[in-house]
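These are the residues of each chain, in order.
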Amino acid sequence: MKIGVFVCHCGTNISAVIDVQKVVNDLAKMPGVFAMDYKFMCSDPGQNMIISEIKQKKLDAVIVAACSPCLHELTFRNTLIRGGLNPYMLEIANIREQDSWVHTDRDKATEKAVRLAKMAVAKAKRNQPLFPQEVSVEKSCLVIGGGIAGIQAAIDISSAGYQTVIVEKEPSIGGKMAMFDKTFPTLDCSACILTPKMVQASQSKKVKIYTYSEVEEIGGYVGNFNARIRVKARSVNMEKCTGCGICWQKCPVKVNSEFEQNLGPRKAVYVPFAQAVPNVPVIDCVNCTYYRSKRQNPESKGLCRICEKFCPAGAIEFDQKDKIIEEKFGAVIVATGFSAFDHKVYGEYGAGRYKDVVTALQFERLLNSSGPTQGKILRPSDSKEARTIVFVQCVGSRDESKGVPYCSRVCCMYTAKQALLLKEHIPDANAYVFYIDIRAAGKNYEEFIERVQDEYGVLYLRGRVSKIYRTGDGALLVRGADTLSGTQVEISADMVVLATGLVSNPETVKLGQMIGIPYDKNRFFTESHPKLAPAETQTAGVFICGACQFPKDIPDSVAQAGAAASKVLGLFSQEHLMLEPVLACVNQKICNGCFHCRAVCPYNAIDEEILKDKSVVARVIESKCHGCGNCISACPVSAVDLKGYTNEQILEQLQSLR
Amino acid sequence: MKELIDKAKELLKEKKVETVIGYREIRGCVVPAYVDSPCDADCLIFDKRCVYNLANYLKWFKNKNVALVLKGCDAKSINVWLQEFQIKRENIFIIGVECYGVMNEKSADAGLSDKCGHCEAHVPNIYDAVIKHQGDKKESVQGEPFKDIQEFEKLPHDERWDFWKKQFEKCIKCYACREICPMCYCKECIVERNIPQWIMSSPSVKGNFEWNMVRAFHLAGRCVECGECERACPVNIPLMKLNKKLIKEMKELFDYSAGQKEDVKSAIDDFYPEKDIKIDDKMIR
Amino acid sequence: MEEKKEKNGFEPRLVGILCRWCSYQGADLAGTSRLKYEPNMTVLRVPCSARMSPLFLMKGLTSDIDGILFSGCHPGDCHYISGNMNARRRFVIFKKLLEFAGMEPERIQMSWCSASEDKKWADIVDSVTIEVKKTGPNNKFK
Chain D
1 MKIGVFVCHC GTNISAVIDV QKVVNDLAKM PGVFAMDYKF MCSDPGQNMI
51 ISEIKQKKLD AVIVAACSPC LHELTFRNTL IRGGLNPYML EIANIREQDS
101 WVHTDRDKAT EKAVRLAKMA VAKAKRNQPL FPQEVSVEKS CLVIGGGIAG
151 IQAAIDISSA GYQTVIVEKE PSIGGKMAMF DKTFPTLDCS ACILTPKMVQ
201 ASQSKKVKIY TYSEVEEIGG YVGNFNARIR VKARSVNMEK CTGCGICWQK
251 CPVKVNSEFE QNLGPRKAVY VPFAQAVPNV PVIDCVNCTY YRSKRQNPES
301 KGLCRICEKF CPAGAIEFDQ KDKIIEEKFG AVIVATGFSA FDHKVYGEYG
351 AGRYKDVVTA LQFERLLNSS GPTQGKILRP SDSKEARTIV FVQCVGSRDE
401 SKGVPYCSRV CCMYTAKQAL LLKEHIPDAN AYVFYIDIRA AGKNYEEFIE
451 RVQDEYGVLY LRGRVSKIYR TGDGALLVRG ADTLSGTQVE ISADMVVLAT
501 GLVSNPETVK LGQMIGIPYD KNRFFTESHP KLAPAETQTA GVFICGACQF
551 PKDIPDSVAQ AGAAASKVLG LFSQEHLMLE PVLACVNQKI CNGCFHCRAV
601 CPYNAIDEEI LKDKSVVARV IESKCHGCGN CISACPVSAV DLKGYTNEQI
651 LEQLQSLR
Chain G
1 MKELIDKAKE LLKEKKVETV IGYREIRGCV VPAYVDSPCD ADCLIFDKRC
51 VYNLANYLKW FKNKNVALVL KGCDAKSINV WLQEFQIKRE NIFIIGVECY
101 GVMNEKSADA GLSDKCGHCE AHVPNIYDAV IKHQGDKKES VQGEPFKDIQ
151 EFEKLPHDER WDFWKKQFEK CIKCYACREI CPMCYCKECI VERNIPQWIM
201 SSPSVKGNFE WNMVRAFHLA GRCVECGECE RACPVNIPLM KLNKKLIKEM
251 KELFDYSAGQ KEDVKSAIDD FYPEKDIKID DKMIR
Chain H
1 MEEKKEKNGF EPRLVGILCR WCSYQGADLA GTSRLKYEPN MTVLRVPCSA
51 RMSPLFLMKG LTSDIDGILF SGCHPGDCHY ISGNMNARRR FVIFKKLLEF
101 AGMEPERIQM SWCSASEDKK WADIVDSVTI EVKKTGPNNK FK
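Residue numbers (the numbering used here), protein chains in the order written: chain D, 1 to 658; chain G, 1 to 285; chain H, 1 to 142.
Each hint should be verified, as a subset may be incorrect.
Claimed, not checked - Label pairs and their calculated CB-CB ranges:
#, chain 1, residue 1, chain 2, residue 2, range
1, G, Val264, D, Glu258, 15 to 25 Å
2, G, Pro234, D, Val616, 54 to 64 Å
3, D, Thr104, H, Ser127, 14 to 24 Å
4, G, Trp60, D, Gln133, 54 to 64 Å
5, D, Ile621, G, Pro234, 53 to 63 Å
6, D, Ser615, G, Pro234, 46 to 56 Å
7, G, Val264, D, Glu622, 24 to 34 Å
8, D, Asp319, H, His74, 37 to 47 Å
9, D, Leu611, G, Val264, 24 to 34 Å
10, H, His74, D, Lys2, 39 to 49 Å
11, D, Lys2, G, Gln150, 17 to 27 Å
The set of hints was computed from the structure by calculation and includes no laboratory data. Just so it is clear, CB atoms sit at the ideal spot from N, CA and C, and this is done for glycine as well.
Looking at chain D on its own, in the form it has when it is part of the complex:
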């Protein structure tokens, strides 16, 4: 077997620390090994060089000693195909990410590079050509989350002619964007640009929307996911309901509206907001008088039932049950969005005790003309008009001790927008903004901030707020530092708006574990590559977009949604998919049929087979196998092995280090 080792300099990324020539010389001493180096192996000339060497030297396997296999394994596999070799005859020795970038001692790093390359040679000697298995693609996409990112992705996919399903846990799609008043920097009305999208999605024949629903389980693999969706009981018949609104007008139960951020009321039967899609109410079982009476006395007929009495369509169905829907999908887009940071941890801002210290999202509702105050900026405590407002930025963001370490990216901009809107509502109002830095990187963003400061006279103070007090007359005394003038400032304000940061959705971990996509230490989903694959995940066929990946503004969310959609369309344009051939296989001659493999297999991919001599042995169902190798470690006789990572290969690798 002849093996070619190609060592990459990666410019100076590798060669600055590793003596590439020595690696080449050491490797070339191994029997049957040919070695050479090049400045950029992944470049066209680099790849062509590999191809010509494969042909000239009649190589059987190729080692590329370069960057991480996560980056260029696919690139070089294709190079091997072009050179006429099976792509799985490639091994990568990672001498950049795990060598030259993490070590400084030239000798030791070079020695390690030689070890890594020799290990790859040891494995490659036992490589076998592998052939991908072909599977069909279910051309339907599941979108989890019906915010702007999910809606955009669904519209894009459906407009290409493929079936899409949106699963949204709230009673209406729209997400956080539906709560906003205006959008920066153009000051378009948020609802005016969102609602047409919501309607477009709901009217598309190719989009199915399950609101008030949750994905309970996802199994399968790219092209063939199986999802179980729980459609929670709305207690209202979606087909019969006309959305006339009589039920919620008549309902006698008033509770705080989640949509209005607890600043306004809603009824026990409600649509979260006027433009909700679908425009069908749900009954909140926790607060509804009927359900409460039923819980106390299951035998009774139940109290109230006013909505039922008045509904002209007879759509109220108190005995509705949750519905479980099982569907097959070829791809999944996760667009579960974010949550606002809970500012209760900040004692200095009142820890949520002061009614007039509101979050940015609450202020957004106060600004909104369809909000609880019809767009008048009234203090929540006494409904007086607020004339002096202090905005505090970085609440939770960039604070490792109490909040999150990262910058939430949008708070500078929305604070400027809110200050501007305040000035438009009440021209002689006073607006102060406490900030650490102003981050306005975006098209027309910096100009917007400047307009807010110069044209609207919003006063920006660089510094942190150290304490907010309540004074006797109901006003709030904000004490902070102005680090630019080096003075302490005290401002008597009617209201304080906290620019709460964006944090991950509480369900991220559960969902990530269910679908099998990783999340980072801040619990945002991890993209497959931070630069080159921002909408993909490690799991083939699962894509991410919007703020579930990281805080981002609306244009970025929409752009990423489009990216995710285009990846899905790329997938759906194929009739068949090629699946990784890294699969388990059983040597039935020596299999004992003890089925320890079946006991550990997480995918039920092991089946029984009866041989001619009537002995029962294990068989791998290839379409179900994910190639994790659990069965191999469980098998006492090594009758199961994993193609591409065989026991023999790993043992050779271990022994190559002698």
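Take the given structure of chain D and dock chains G and H to it, following the hints.
Only chains G and H this time, still in chain D's reference frame:
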């Protein structure tokens, strides 16, 4: 004894089984007996000298109807066999024998075997018929069952290594431990394969270490403590010390003992996310 | 070469077997973040910690490797649902056995390291290297 013989005769007469595997005496020695016809059943005995675990003979009777005479410890092996789908329960008839200890074959002073010291299975936990014990029912020695293991664990690692190195040096790779073990039923043992070569075949320090580690590990959660390997070892390697260590760890870490039930997952294939998390602090970074 | 090694003291040969989804990516991230750590560990990539047969530990030690590390995703984060749960039990039992037979515990290690824990990865390699350096070379099977 009559009870046992009658049961064997009945089973053979009614053709419920083809063979009864039990114990008999030849020239003062107890040996295994295959009894195929009722008239031969009179030779069957059971007493203190019946040390062997007859479950091992199932290796040659996998798909046949047989009856086995099994002590409490031996019967546990049947549960493991059933757990691992090696036999069908309806194919075998278990004549359980109540047992209060068998003799120590290796020492002359006729004391009880080491394995009986902390026996909790005087009556088998799986059987079709039980032969009652006659004579005095002497309870086993109470106290810490893993005392010797705990003491050995306390030794510094180099002393432990020196001990085992000396023991393993004696190993001649005759594989008697494997042949006698009812759990070693593989069609082809991995020691006999060279692709992949898990175990170096030569009886060197390395080869012997590898063999003994693999043998012990493959019994994790499966060894029923019948003690046959140690008894069969011609060079007296204390194999049960390794097995007992794993029995102790399975019990302490996963609260699992081998061969208690036929329809549970073996602890080595199983996991409990909440309980297992306790392991992490000490063992995993 | 030999002389140099003598002078600089003992440089252990370590192997890390890493799952490709979490630990290997964490190690890559340590590179991208340009963290610095000891160069003694050579890394081998497998799909999942469940692929790490405990017998690899034994084979590593009998192949005169001074220390061997298994590393996978944190419990609950396994790309293959529950692979690391099975791996954990197998590892722990086999480590106990090897220690009982006289192997130094420092030579047999396992860690959970996620794709975002670059710092943790660097710390793991450094501390395993230091521990094995203290323990000394593995001469048992020479």
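Hints versus structure:
no.: 1; hint: G:Val264 with D:Glu258: 15 to 25 Å; in the structure: 47 Å, violated
no.: 2; hint: G:Pro234 with D:Val616: 54 to 64 Å; in the structure: 35 Å, violated
no.: 3; hint: D:Thr104 with H:Ser127: 14 to 24 Å; in the structure: 19 Å, holds
no.: 4; hint: G:Trp60 with D:Gln133: 54 to 64 Å; in the structure: 41 Å, violated
no.: 5; hint: D:Ile621 with G:Pro234: 53 to 63 Å; in the structure: 45 Å, violated
no.: 6; hint: D:Ser615 with G:Pro234: 46 to 56 Å; in the structure: 32 Å, violated
no.: 7; hint: G:Val264 with D:Glu622: 24 to 34 Å; in the structure: 29 Å, holds
no.: 8; hint: D:Asp319 with H:His74: 37 to 47 Å; in the structure: 43 Å, holds
no.: 9; hint: D:Leu611 with G:Val264: 24 to 34 Å; in the structure: 27 Å, holds
no.: 10; hint: H:His74 with D:Lys2: 39 to 49 Å; in the structure: 42 Å, holds
no.: 11; hint: D:Lys2 with G:Gln150: 17 to 27 Å; in the structure: 56 Å, violated
When held up to the earlier numbered hints, the structure conflicts with 1, 2, 4, 5, 6, 11 and fits the remainder.
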